[in-house]
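A.B. asks: If you want the building blocks of each chain, they are given just below.
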Amino acid sequence: MITSPTVNQVGSLAWRSIVRQARQPAHVIPPLLFPLALLAVNSGGLHAATSLPGFPTKSFVAFALAVPFIQGALFATLNGGADLARDIQTGFLNRLALTPMRSSAVIAGHLAGVVAQGIFQTTFYLVVGLAIGVGIHAGIGGGLVILVLAALVCLGFGAFGTFVALQTGSGEATQATFPIFFVFLFISSMNMPRNLLGHTWFRIAATINPVSYLIEGFRSLVIQGWNFEALGLAFGVAIGFAVVAITLSSLAMKRRMTRT
Amino acid sequence: MTGGAAIEVEQLERAFKDVHAVNGIDLQVETGEIYGFLGPNGAGKSTTVHMLTTLLPPTAGTARVGGFDVRHEGPKVRRVIGAALQEAALDPLLTGREHLRLQMSLHNIRGEARKARSDELLERVGLTQAADRKVRTYSGGMKRRLDLALALVHRPRILFLDEPTTGLDVQSRSALWEEVARLARNEGVTVFLTTQYLEEADVLANRVGIIDKGTIVAEGTPAALKATIGRPSVEAVPLQRDHDPRVLEVLRRFGEPIASTRGVAVRLQDGLGLTDVVRGLDSAGIEVEELMLHAPTLDDVFLAKTGRLLEGASNGDQPS
Chain A
1 MITSPTVNQV GSLAWRSIVR QARQPAHVIP PLLFPLALLA VNSGGLHAAT SLPGFPTKSF
61 VAFALAVPFI QGALFATLNG GADLARDIQT GFLNRLALTP MRSSAVIAGH LAGVVAQGIF
121 QTTFYLVVGL AIGVGIHAGI GGGLVILVLA ALVCLGFGAF GTFVALQTGS GEATQATFPI
181 FFVFLFISSM NMPRNLLGHT WFRIAATINP VSYLIEGFRS LVIQGWNFEA LGLAFGVAIG
241 FAVVAITLSS LAMKRRMTRT
Chain B
1 MTGGAAIEVE QLERAFKDVH AVNGIDLQVE TGEIYGFLGP NGAGKSTTVH MLTTLLPPTA
61 GTARVGGFDV RHEGPKVRRV IGAALQEAAL DPLLTGREHL RLQMSLHNIR GEARKARSDE
121 LLERVGLTQA ADRKVRTYSG GMKRRLDLAL ALVHRPRILF LDEPTTGLDV QSRSALWEEV
181 ARLARNEGVT VFLTTQYLEE ADVLANRVGI IDKGTIVAEG TPAALKATIG RPSVEAVPLQ
241 RDHDPRVLEV LRRFGEPIAS TRGVAVRLQD GLGLTDVVRG LDSAGIEVEE LMLHAPTLDD
301 VFLAKTGRLL EGASNGDQPS
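First to last, the protein sequences are chains A and B.
Per our numbering, the very first residue in the first sequence carries number 1; after that it's consecutive.
Per our numbering, the very first residue in the second sequence carries number 1; after that it's consecutive.
Simulated from the structure, these hints should not be mistaken for laboratory data.
Please note that the accuracy of each hint is not assured.
What the hints assert, rightly or not - As a list, the in silico DSS-like pairs of lysine-lysine whose alpha-carbon atoms are at most 25 Å apart:
1) 17/B with 254/A
2) 115/B with 226/B
3) 213/B with 305/B
4) 76/B with 254/A
As the list claims (entries may be wrong) - Cβ pair distances, simulated, as ranges:
5) 174/B with 29/A: 55 to 65 Å
6) 172/A with 199/B: 51 to 61 Å
7) 110/B with 182/A: 56 to 66 Å
8) 129/B with 102/A: 33 to 43 Å
9) 15/B with 30/A: 23 to 33 Å
10) 173/A with 128/B: 32 to 42 Å
11) 135/A with 128/B: 53 to 63 Å
12) 239/A with 174/B: 56 to 66 Å
Unchecked claim - Chain B regions said to be covered by chain A (calculated; three or more residues, Cβ under 8 Å):
13) 62-72
14) 117-131
15) 282-290
For each residue, glycine too, the CB sits at the ideal point set by N, CA and C.
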């Protein structure tokens, strides 16, 4: 059962995580700007795709706005994972281990910081999207669901980054997972609906790639409204990934924190 | 806890695969005592501290800290101890005050009590002026003092300090010694201090345990340990190295030879002094570059027990 002291401890670690990120411009500015820059480049280059028969919207920006939500989660994850690896290397994790904190509270505090950063970034992308004329078809409620889904994605990705950091104890190894995540992102439906992809290996890969379903969940709220099938798949993938990743990170924490 | 043992260790062992970092040590530290754990790099000092602070399970043996078994009562042990480990594990992006705030939250100290304790500790370690500066701007000594303050937030009865003054300048070292001595003297805190500095153990510790290659080779008060060596030694550095055998021949008349890194040395026989040696060398017509009289030190104790000098000694690749 979560007790009040545990909530207090988790909150304190989350506070530290957020303060750390906020005081490192390199951890704040690129995650805000790079996804939007990529959105601008893709929208400029691929706008003609909206003329294809069956393309679901006339605005490629609205179609692609879902991608920054995933990229933002990746940045938050990698920065958070690298910070945890640094804590291992500097002995800060030992300092935490000497307090009455449970190891699960250490993970929870760390992930709470990652999720908070992810929500902040998602809100920023949403505001920018609205400012440049993208409407959220599912309305204000849809915007809130986007934030909840983004939080879940950050939780899952963040837990995976935590797992890598705990397993390797190396910031470099944690950062090295970034290209792997990006491969999954690019081999997905990020730039084209799956039904418009040719019957090639790419379409098969995009169909079995869980990232496609996360993007399509976000996208449905922006360009369609309430598509419960897309949302169900997105939440299912996000929750499933989070459960697996949190389990892995908890096991890794037990191995790393060998206190009696 | 009033009186009695604060730390009791019996046949404590820790192995890392084939390497026995700590090899069946026994020790007892009384409440309110400062116990100096002296040894070269890789001797097993930090591994012992990690076991006693519950961070590392022992491979064999038992240890009780504050009356609790480190193997089976980890959370209870952690409640009564504070520790400043070898790495001053601080976050360069947080301020000193923020570190204290975080540490107290993790120990469930809240509200006014947290603020009052934070101000008190900052004052005590001399960081009030620098409290709101980020730690990355702190000097090594300031970081160590903050580390000590963090170890004290929950008023521990037993304090573990793992090489707290390594790398510090003389002034910072003295300031930290003063605070550690005050903690033991005024607050009755038991201090388990590891160090590779002879002077630190000599000045601070009520008792000293000397560890080498995972085994305690000597234990006692600094005075008692030095008394086991008993007599002073004389070390002569000849003008020319090839005169070493002649110098040794003369010095043998005054005592038994011991190891010397610079020339020739003997432990003086009872009743003999430096004057006798000077006369002996003079009558043999031998000139020396330097002639030194050494009172027994803890290094002599280490040398006598291990055959090596502590300063600069290292136990190779063993975990420390």
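A.B. asks: Determine for every hint whether it applies to the structure shown.
C.D. replies: Status of the hints after comparison with the structure:
1. 17/B with 254/A: The hint holds at about 20 Å.
2. 115/B with 226/B: 46 Å, violated
3. 213/B with 305/B: OK: residue 213/B and residue 305/B at ~12 Å, within 25 Å.
4. 76/B with 254/A: The given pair, whose Cα atoms are some 19 Å apart, holds under the 25 Å limit.
5. 174/B with 29/A: 55 to 65 Å: 45 Å, violated
6. 172/A with 199/B: 51 to 61 Å: The hinted range 51 to 61 Å is violated for residue 172/A and residue 199/B, with Cβ atoms some 40 Å apart.
7. 110/B with 182/A: 56 to 66 Å: 43 Å, violated
8. 129/B with 102/A: 33 to 43 Å: 36 Å, holds
9. 15/B with 30/A: 23 to 33 Å: About 46 Å separates the Cβ atoms of residue 15/B and residue 30/A, which means 23 to 33 Å is violated.
10. 173/A with 128/B: 32 to 42 Å: 40 Å, holds
11. 135/A with 128/B: 53 to 63 Å: 55 Å, holds
12. 239/A with 174/B: 56 to 66 Å: Given range 56 to 66 Å: holds, Cβ gap about 58 Å.
13. 62-72: holds (count 3)
14. 117-131: violated (count 0)
15. 282-290: Since three or more residues must qualify, the claim that chain A covers the stretch 282-290 of chain B is violated, with 0 doing so at under 8 Å.
Taken one by one, the earlier hints fail for this structure at numbers 2, 5, 6, 7, 9, 14 and 15, listed in ascending order.
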